[in-house]
Amino acid sequence: MARSARPKRLNLALHAALLPLAITALLAYVGSVIWSIRISLSSSKLFPRNDWVGLDQFQRLFETDRWIVSLQHMGVLAVVYILGVLVLGTLMAIFIDQQVRAESWFRTIFLYPYAMSFVVTGLIWQWLFNPTLGLQNALRLMGWESFTLDWTVQPDMVLYAIGLAMVWQGSGTTMAILLAALRGVDEEQWKAARLEGVSKPRYYLSVVLPQLGPAYATAFVLLAVALVRTFDVVAVMTSGGPGDASEVPAKFIIDHLFGRNNIGLASAASVVMLVTVFTVLAPLLYWRSKVQARQNAGH
Amino acid sequence: MSTTAASLATPTTPRGQRPRRPLVTPARIGIYAFLLTTSAFFLLPLYVMVVTSLKSPEEIRQALLFAWPASPQFGNWKEAWSSACIALACEGIQGGFWNSIRLVVPATILSVFLAALNGYALSFWRSRWGDILFGIMLLGAFVPFQVMIYPLVAWFRLGGFYNTYWAILLVHCIFGMPVLTLLFRNYYIAVPNELFKAARIDGGGFWRIFFQLMLPMATPMLIVATILQVTGIWNDYLFGLIFAGKDNYPMTVQLNNLVNTTFGERRYHIDMAATILTSLVPLAVYFFSGRWFVRGIAAGAVKG
Chain U
1 MARSARPKRL NLALHAALLP LAITALLAYV GSVIWSIRIS LSSSKLFPRN DWVGLDQFQR
61 LFETDRWIVS LQHMGVLAVV YILGVLVLGT LMAIFIDQQV RAESWFRTIF LYPYAMSFVV
121 TGLIWQWLFN PTLGLQNALR LMGWESFTLD WTVQPDMVLY AIGLAMVWQG SGTTMAILLA
181 ALRGVDEEQW KAARLEGVSK PRYYLSVVLP QLGPAYATAF VLLAVALVRT FDVVAVMTSG
241 GPGDASEVPA KFIIDHLFGR NNIGLASAAS VVMLVTVFTV LAPLLYWRSK VQARQNAGH
Chain Z
1001 MSTTAASLAT PTTPRGQRPR RPLVTPARIG IYAFLLTTSA FFLLPLYVMV VTSLKSPEEI
1061 RQALLFAWPA SPQFGNWKEA WSSACIALAC EGIQGGFWNS IRLVVPATIL SVFLAALNGY
1121 ALSFWRSRWG DILFGIMLLG AFVPFQVMIY PLVAWFRLGG FYNTYWAILL VHCIFGMPVL
1181 TLLFRNYYIA VPNELFKAAR IDGGGFWRIF FQLMLPMATP MLIVATILQV TGIWNDYLFG
1241 LIFAGKDNYP MTVQLNNLVN TTFGERRYHI DMAATILTSL VPLAVYFFSG RWFVRGIAAG
1301 AVKG
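Residue numbers (our numbering), protein chains in the order written: chain U, 1 to 299; chain Z, 1001 to 1304.
Just so you know, the hints here were simulated from the structure itself, not pulled from any lab data.
As the structure is a computational prediction, the values presented were derived from the model and not from experiment.
Where is the CB? At the ideal position from N, CA and C, for every residue including glycine.
One thing to keep in mind: the hints can contain errors.
Said to hold, decoys possible - Chain Z is nowhere near these chain U residues, computed Cβ spacing over 10 Å in every case: (1) 54; (2) 62; (3) 83.
Stated by the list, open to error - Reference excerpt, derived from the structure (chain U facing chain Z, CB under 10 Å, subset only): (4) 18; (5) 121; (6) 171; (7) 253.
Work the whole structure out from these sequences, hints included.
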């Protein structure tokens, strides 16, 4: 709907103002996506080639062990990180919402890791997990002789170490989103529930949490986007090791772009990530916009 | 107008009348026990980082992770700042600090300004292709950056400025644009159209209305967007590593290089001192901005 008819001079100003946006959207976003798809369909190695090889790169990609384990690792991290953050974030938000003293102190403490770089997060946790000088030895020297926390050097535990660092870094954000949503829940419901003899945990589980759907969708989207881009914390904490026990897709792609000079394979991998993200997020975003529209209409 | 600003500055709506605080009950004790334990989990790494950075090498070897240093070695911080070795250059991470400052200030100003302009143009001056561009931006917020890296590298190379200051500056503007544009667009959409019409009747043109009315009016959003960009750009590692080139490596990249530079024994106390120095700027932004920071998270969350 045009808000007002406008003379040509203003049209010119408007178009000039929107030029940077147009260049960014069309060239940087649309252009790069199209070109990545194009390269993934060619036999490009070090330089882009102009031939067509169909889906060969994708076939080769899924025959590459390192890619398959990267995907599996992302699956493990999805559970540890996303589920961990959602559970911890929910608990923190609910407990903070009980009219506690020093509420802002708790909020500040839970959220500060988010202000720090993943590089910093990775280095701190690498130090805590240091098998000879870190937490493990400190607790052994304090008398707990059998205490073992050498996850970063154990191939089957290293992902949990990374997941823990990511939960530490990211839980505060989810807490903040859920807390804001909790504050929007009508308190009359608790009064009614209490009269019916409903316990507080039960009230939260069956009455409050179901109303936080859109907030959970928001938190999930943010976490999923962060999960797919997971690179820094892995590169800093373990460099994908020991062996390839903590390789992740983002690192696979960067390594093949710059270290291994295989841009065809890397582009195929990035297209797979793109498709995955949009298949997972599109229905969720659609659902959230529906629910929000309904809630707004109900007000 | 001022009420709009005030309500936007507050991320959570107060519930009005609060009930009286309950007395001490087992449930209350449980609540505080949980909150204090969780706080310990969040604070422990920070504590360990600080004490480690103040220890002497002998104290590090004793492996008493939680022990307070006998005499705090503030010299560690100085060494990390000005004389620790990164590869062959022994000048500490101060170079990275200044590179980050040199990058964060212009990149933030430019990207926030462009986003405000976009938001203004998209909300008051609707044009059909503006809406199409906005739709693309909305989707763009979800494109995994891996997809865009190679094409951007190739185009920057073609333009002859790959691995320069301009490349990294441009990259941060590109990747910041979707969320920031959305932020301002959603803000301006809520502004009554009558205000805009009045300004038009008074003879305001496109740019005048923007600079004299709409830009100052969006001060809350300018603050939120600035906080988002300053912390986001400061904390970035990957883009700095790929696009900035050796002479412009930001502090995060220098930090990782410092940690990976070892002649014989790893010097954990210096590593941790450098880590603290690297996180000082975003932590300062966080502690001083308080609720604005939270507001930024909510803003980042509205995408879609």
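Unmet hints by their number, sorted upward, for this structure:
Hint check: nothing fails, all pass.
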